[in-house]
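Based on the hints, put chain B in the right spot on chain A.
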Amino acid sequence: MIKKTAYGLFGVILLVLPYLVRDDYYMHLFILSGIYSVLCMGWVLILRAGQFSLGQSAFLAIGAYIFSILALKFGVSPWLGLLAGGIGAAIAAALLGWIVLRIRGLYFAVITLAFNGAIQLVPANWDYLGGWLGLSPIPPFSLAGVEFITKNSWYYLVLALVALTALVTLRIQNSRLGKYFKATANESLAESLGINTVGQRMLAFVVACLFAGLAGGILASYLTYVAPGDFGVWKSLQVQIQATVGGTGGLVAGPITGSTIMVILGEVLRTYTKGLEPLLYGVVLLLVIFFLPDGLISFPRIVLNKWNPRKTTE
Amino acid sequence: MVAQTLLNGVVTGLIYVLIASGLTLVFGILRIVNFAHGQFYMLGAFVFYLVLETAGLPFPVAFGVSVLAIGLLGLATEKGLFRPLEGKSLIGIIGTTLGLMLTLEGAAEILFGPDDRSVRNIFPGVIKIAGATLPVERLVAIGMSAAVMFALYWWIQRTKSGTATRAVSQDEYAASLMGISKTRCSLVVMGVGSALAGAAGAILCPLFFVSPYMGGVPLIKALIVITLGGMGSILGATLGGLILGIMESFVYTYLGGIAEIIGFLIIIVILIVRPQGLFGEPFELAA
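So the sequence lines, in the order shown, correspond to chains A and B. Counting from 142, one number per residue, gives the positions in the first sequence under the working numbering. Counting from 5, one number per residue, gives the positions in the second sequence under the working numbering.
To be clear, the hints were calculated from the coordinates, so they are not data collected in a lab. Note that the structure is a prediction, hence the values are computed from the model and not measured. There could be a bad hint or two in this list.
[To be verified] Subject to a maximum C-alpha distance of 25 Å in a straight line, what follows is the list of computed BS3-like cross-link-like pairs (lysine-lysine): (1) A:K144 / A:K447; (2) B:K92 / A:K323; (3) B:K92 / B:K186; (4) A:K447 / A:K145; (5) A:K320 / B:K92; (6) B:K92 / B:K164.
Here chain A stands alone, though its shape is the one from the complex (with noise of 0.2 Å):
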């Protein structure tokens, strides 16, 4: 019940925050939170199937960049390109997926990493795709004839993708899939009764890639451009960073939390000195992991816990 109410008041929170911030600035961070966030939320169902992946920016690349190039050069509906967009990261993810989810642990990191890397080289080295210079500027979404360009009419675009991604991550945690995840902990066991791991992780792999590239689309044309800088392996680190500190006890909560903190944390800090950035990432992740297991989101149930007398007796 409690818990109903909180996200009842988080969802209302969510929908009015415009008007409680008024600050375009703020609500830009809140944007990008948004974008991370599905990333996150990805990155932690790749992680429940049993992989570790670390090139989930190489995914939102293609999706941006399939949007980009169906506005500019076929002048495709937005809307359209957004879908082709997050189709193609989901084929490119079962295409990858194929032939490297059968590999586990850090390999399949490194992997990935890899093929994030060569990704970004693509349109660099690609003129029609703009080079390293990129390409621009690229269209933005309308919806009945108005055209997006207030930083509110963006957030509840980005609202309505975090939404969408929270809800089918949830069905698939709470369907028999999710208990599959669960028994995928211990792979031999799991297969002894029948359950098909590799299927899952593809399952896992190419939903999570489908949202990374969904959020491309929406982020070339927020930001009006696409370019191989912005999809370097740094990015897939910052999505890894963020789900961890977070937590990744959860789907949803945990991933949310992180990308939120550390977004505005990271964006803030960087107009000082561009090392703060990289600096905040590693010294909040080492934190976690050493302090925080569970990620922010244990941090309140620990406090309750320790002011909870009847608890430090047990």
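Chain B in isolation, oriented as in the chain A frame:
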């Protein structure tokens, strides 16, 4: 043209070898891929720069200080960060080394500033071999890299602690029955592996610029090299590094900037054909 490309490839390859060998050595014992290894290399270059240019001390002193300083950094990292990771999940292990990597990179940017610096050319001159021109500076770097690799092989094959290291990487349990302490071995290996990164920084920084961001790309290349050569195998890292360097050099000469993608393609092919790499033992790491 071919000779020049080959020579360039060998130089690039040696860079990869130097960085990858420390990474793979550490992995063989600790089963941790130290993502901060590239930043150790960067710090090695900065120490070298500071001792040589700022303090004005001679080349051998600067080299020695770099190796020693980064070796000590490795020892401290092992004791403070890696040892408590025993038994932790992949998130904890990868996360810790990534956290260290970003902390070092950010701190270096704040301390030294984002600008590129260059070390003066200590060995001027150019030599022509088989139609290829080669600056003496590069020859010195090749020679020193080779010397460092020989020292590493000598240590691991001929000394007592090297033998102990090989024993632990082959069979931890059997090694413990022979009275070899894995804890001690991990410490030694982190020291040696990190010192290698320091040496790489000192040897290579005269050829490139020194900057806080110089560690990222070599790290990714080194990861590709050890996946190709087999994680934990020094021979694999040596051959893998040379193969990647030479292939990249040829593709770069004939096809251009797309050469960087070669590494990824190599990994994909290796994983299909021989997942444990050229010289690696098959193993599995739980997620």
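Quick rundown of the hints versus the structure:
{"no.": "1", "hint": "A:K144 / A:K447", "in the structure": "20 Å, holds"}
{"no.": "2", "hint": "B:K92 / A:K323", "in the structure": "18 Å, holds"}
{"no.": "3", "hint": "B:K92 / B:K186", "in the structure": "17 Å, holds"}
{"no.": "4", "hint": "A:K447 / A:K145", "in the structure": "24 Å, holds"}
{"no.": "5", "hint": "A:K320 / B:K92", "in the structure": "23 Å, holds"}
{"no.": "6", "hint": "B:K92 / B:K164", "in the structure": "30 Å, violated"}
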